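Protein chains: 4
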Amino acid sequence: MSFRVGILGATGAVGQTFVELLDGHPLFEITALAASERSAGKPYREAANWIGGIEMPENVGDMIVQACETNLKCDFVFSGLDAGVAGEIEGAFARAGYPVISNARNYRMEPDVPLLIPEVNPGHSALIDRQDWGGSGGFIVTNPNCSTVGLVMALKPLHDAFGIDAVHVVTMQALSGAGYPGVPSLDSLANVVPHIGGEEAKMAAETGKLLGALTDDGIEMADATISAQCNRVPVLDGHMECVSVRLKKPATAEEVARVMDSFEGPLAGMGLPTAPSQPVRVFTDERFPQPRRHARAAGGMQVSVGKVQDCPVLGVKFVVLSHNTIRGAAGGAILNAELLNAQGRLVHRTEAVVAA
Amino acid sequence: MSFRVGILGATGAVGQTFVELLDGHPLFEITALAASERSAGKPYREAANWIGGIEMPENVGDMIVQACETNLKCDFVFSGLDAGVAGEIEGAFARAGYPVISNARNYRMEPDVPLLIPEVNPGHSALIDRQDWGGSGGFIVTNPNCSTVGLVMALKPLHDAFGIDAVHVVTMQALSGAGYPGVPSLDSLANVVPHIGGEEAKMAAETGKLLGALTDDGIEMADATISAQCNRVPVLDGHMECVSVRLKKPATAEEVARVMDSFEGPLAGMGLPTAPSQPVRVFTDERFPQPRRHARAAGGMQVSVGKVQDCPVLGVKFVVLSHNTIRGAAGGAILNAELLNAQGRLVHRTEAVVAA
Amino acid sequence: MSFRVGILGATGAVGQTFVELLDGHPLFEITALAASERSAGKPYREAANWIGGIEMPENVGDMIVQACETNLKCDFVFSGLDAGVAGEIEGAFARAGYPVISNARNYRMEPDVPLLIPEVNPGHSALIDRQDWGGSGGFIVTNPNCSTVGLVMALKPLHDAFGIDAVHVVTMQALSGAGYPGVPSLDSLANVVPHIGGEEAKMAAETGKLLGALTDDGIEMADATISAQCNRVPVLDGHMECVSVRLKKPATAEEVARVMDSFEGPLAGMGLPTAPSQPVRVFTDERFPQPRRHARAAGGMQVSVGKVQDCPVLGVKFVVLSHNTIRGAAGGAILNAELLNAQGRLVHRTEAVVAA
Amino acid sequence: MSFRVGILGATGAVGQTFVELLDGHPLFEITALAASERSAGKPYREAANWIGGIEMPENVGDMIVQACETNLKCDFVFSGLDAGVAGEIEGAFARAGYPVISNARNYRMEPDVPLLIPEVNPGHSALIDRQDWGGSGGFIVTNPNCSTVGLVMALKPLHDAFGIDAVHVVTMQALSGAGYPGVPSLDSLANVVPHIGGEEAKMAAETGKLLGALTDDGIEMADATISAQCNRVPVLDGHMECVSVRLKKPATAEEVARVMDSFEGPLAGMGLPTAPSQPVRVFTDERFPQPRRHARAAGGMQVSVGKVQDCPVLGVKFVVLSHNTIRGAAGGAILNAELLNAQGRLVHRTEAVVAA
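Respectively, the protein sequence lines represent chains C, G, E and W. Counting in the working numbering, the first sequence runs from 1 upward without gaps. Counting in the working numbering, the second sequence runs from 1 upward without gaps. Counting in the working numbering, the third sequence runs from 1 upward without gaps. Counting in the working numbering, the fourth sequence runs from 1 upward without gaps.
Keep in mind that a hint or two might mislead.
If chains are identical, the list can't say which one is meant, so a pair holds when it fits in one copy or spans any two.
Said to hold, decoys possible - Calculated cross-link-like contacts (lysine to any residue; reagent style SDA-like; alpha-carbon spacing at most 25 angstroms):
1. Lys42 with Glu286
2. Lys248 with Pro312
3. Lys248 with Arg345
4. Lys248 with Pro122
5. Lys248 with Asp310
Quick caveat, the hints were computed from the structure, so don't treat them as lab data. If you're wondering where the values come from, they're calculated on a predicted model, not measured in any experiment.
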């Protein structure tokens, strides 16, 4: 029996990716699309300026977009809301008893809110038990920023095997990461912009939390030092990152590559529909990975690594690629929901409501 | 009285940039264009598949391309030859008495060959005196790889002021750096390629030589540790580089920015025609520099720096932009020639020949 | 029982698209991959420089590439060969008894060779009966040039309903149409090239044959006058074409749009796996179609039309988009094979060989 | 003695191009920069988000932007205002006695307002005498839309030599034509948008007026039938147009090419600083013109033509390229001002004011 799903911010770029990825999902069925007042009341086909390269799924086109009010008929909501409104609306939904699985940044660094990558820190979902939304049964779970997720998935096996002392990362981020209308074409065509507002700080903070340890007092941040420099490049989808790492226990490039490529992670054998069978793939062809060729690997959920080599300054370095709107946004949130379901944290709210 | 100039490899991408930049030059006049046998005998207009965004200067179109043989009527030659043939041909010209001012990589790391950036190490031209081409009077001088020059011009003032212990650089390099036909469009449009053959090693080695000290035994390499990761991005002209530096004597980001922005260099007051009045410009607007907007600053000879900030891992970091086919190739070689002239190392060969 | 399929030119751009599209095909299974001597003997994974945005299907990676010799174990071959070698090799395969379903241009305009678009002229396959390859049972069938197919699919319903007197078409063609390495990136990034060798003549000739009538003497060319101007634009996949038509029987833009959008074509109800349920889709949103959004409609097999409006000069005009490497090459050839199978023209050659 | 020039809309994309092109102009000196209330009072350096590839001229950076009020200290104004406000503001300046040389579309089709291309219809400036702005001495002159100007400059010599019966044009227009922020990068990168609002109607109407005849009753529109289809392509600068023409008196492609290439136009010998010595250049290399290579020919003021060939449908066809922000906007307006000066229609307003 599948869960009924609502999407907050359904008409935006992230919301559209939720719609695209949930088409045909074995567990989750979209039953409510919500967006701003401007869109409410219109069929989704008209309300959403569909920007994807794949067509809008047939069945959602005629659904009427609703306002983001807490009367949506669904078991939980995905949130693709803009940060400007996500704080208030997501809080209202949690207070009304909805699980909120959010891509917005607002609650990511809250001590009691899990910042989750299922392959990295699935146990952090225990923070849910520390949340208090007036006894509603609702909660909020978040996924990291699109530039953080690829980095941390590559770092996790190294963290486990060798310990991470310091990370230096330079990103080359795709245009779709800025949403729509996003970057003006005169700033992007044949150009690089060496700045993405707030991104460098987010990468540092979120990495510390994701690699942190769950304790009785919440998350203890990992003690790795992180330095990020973020750039926007003329790529449609897929964030590339040049990562150099100083390990606590030195390792050769070969060892590092082997540990990443063989990383199974805690999801192995769980059968989560959206989980890639291999979380991190390491290329030996030095021309790879490339955004146009590999961003969509395993449906956009696999992280690609290449050019693993010694770094004379920090020890080891490599290139990471991950799909920013799938693994880095909607797909990551969907995998979070699949994890929560496997952990027994999602309920069919009709029953829940009846019980209440 | 201007010098007569020959261009070796005149029909290639670098050769064309020499032709473009020498149009109207106050000191140097093109009197010979030389290229492969395939082009020899044809008017330049037909032999060269002109790829620039500015039209071929009128006067060179009708010049007949010659073979790369040592009978060119000129006082010295610029070489834009491919590395596959540059070693032999440049050696032959030096042996025949020509000063060879080369952009090719072949002789760059030879102990007796100056690898020159006039603003950085003008005195290294003294290595010329150690060269022996059979008493011909000829010599070879080189400029660095297109990805090295921007980096080293930004590093030089820091090297002088604080000492450089380690450098970590990630490049985002323009397509024109690969020449023509160069990168296939299916590899470049909306894509990033995380590999440029040989580039990472070149950046490390050349930086060490450029920042090295001239001693009685030749150049003593600088002891800075260099780590480079090179990427090709869909930009036409202008290499962007994210640079992080560990200084020997720590300095704040503000101090680092001030030292770079106020760097005058040894050319101040010399009036070299191609030298930018300000070698390194530091932007405070965090969106800058950008290749499309700033690569052509000061005719493509100025290096642009931005986003100077603390690096929690290495100390300080910033972004560098330099024009790869001008400052990083033909323009750099022309400035080298202007320096050599100012140093009295160029002669009008007719007299020289008469004298001989 | 599925057919065993060989692919000639399997390592090239078109060959790779055959491999990609045949992955999981319900009727056709790849049993032989053939390419040039240089590739023969290598695993496909090594021989092919895989350029697609989707990964090479697992099962073909280890297949050993063979030479293009007529001992391939398969029931028929798809040919993605370059025109330089296709004439000879395809003829040899036909002579050896293989049906050859070719994307190459060599035989397209031969009087006895069908130039096929299943939705347009399925009956032209009867030309096969006029071919004589020494009684081998082999034959050759071709699909049109990538720029012709979208045009003709849009014209066919108009031809049937109103008659076509003259066609004026301006193309904006994707880079993948030039194969790999194809267009140098310095010619394509932020640029338009107003010339594609031979393309304009091909569009005119092929359109005449495709819309022609099958008579006892072969194909009688359609009498429409065609004028084409072909341009290369910086798009990855999907040829856009601005088409203006002078109809024999005038019609309004609305009538023209309706006739195209409701075109069912002769494949309706046949259940060919690769056939789109709607061959031509007409958009009313004047911003559409666009290559990035719509080229992959119906798996890249649907032709998209938009901006249908009156043309003060020729009568009616519109924009057509079709996927050049799918509908315009490998996908079109696969649909041809599906049609031939439905027409009973493909046999399982083991039996055939036994019978012989 | 040079004229003092004000720029209305100085901070916008067109305004910035005025500033760039007027740097060092021999006749016109910027003395006033005016923009919206939001910019007024700020130094131009801060008020303008400078988007050009060449740096902001030094001297204007510190000028204080003023409001668009009719107290600007200048002899005439260039207007780069948006159409939303240009009607009112330009009218106010004309009424206050300023000559207004506008790039906005608001007054272009007014019967008494000259729509001017100096090489095409310089005599249309006589319409100024029909304008009545309350005896102020002010007037308004306009230049055509960026997509019209290249077309009409190529058509003019054909109109004179053979007469033009019908024109079919398909445009491939650069992103800079949409201003800033303009086209979102997700709509432009690797994409084509087949629609530009209002552009097709503008091209038809403006062409009729530009090629029209000046009579005692104003302009008699040319009787050519025009059909335009406009597309946005991922090019930075330079509109490409595929033009097919039905001439009243048939001519071969060779004759058409010769007439265009040898077109001198009415400016020959007048010495206008911005006028290209050859207004229309015809390429014989079928790969040319291309936006990246040729848009900036003659400082962006020359129109490039190529691929002149027979059109089986309309008679003759060719490709036209013109720089959209220079020839098609600010540069065209500056040339208009130079023409008006040569015609004695500009005065030094200090004297004018004193006289009044």
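Each hint, compared with the structure:
{"no.": "1", "hint": "Lys42 with Glu286", "verdict": "between (49 angstroms within a copy, 20 angstroms between copies)"}
{"no.": "2", "hint": "Lys248 with Pro312", "verdict": "both (15 angstroms within a copy, 17 angstroms between copies)"}
{"no.": "3", "hint": "Lys248 with Arg345", "verdict": "neither (36 angstroms within a copy, 53 angstroms between copies)"}
{"no.": "4", "hint": "Lys248 with Pro122", "verdict": "within (24 angstroms within a copy, 43 angstroms between copies)"}
{"no.": "5", "hint": "Lys248 with Asp310", "verdict": "both (15 angstroms within a copy, 23 angstroms between copies)"}
Hint check: a violation occurs at hint 3 only; the rest are consistent with the structure.
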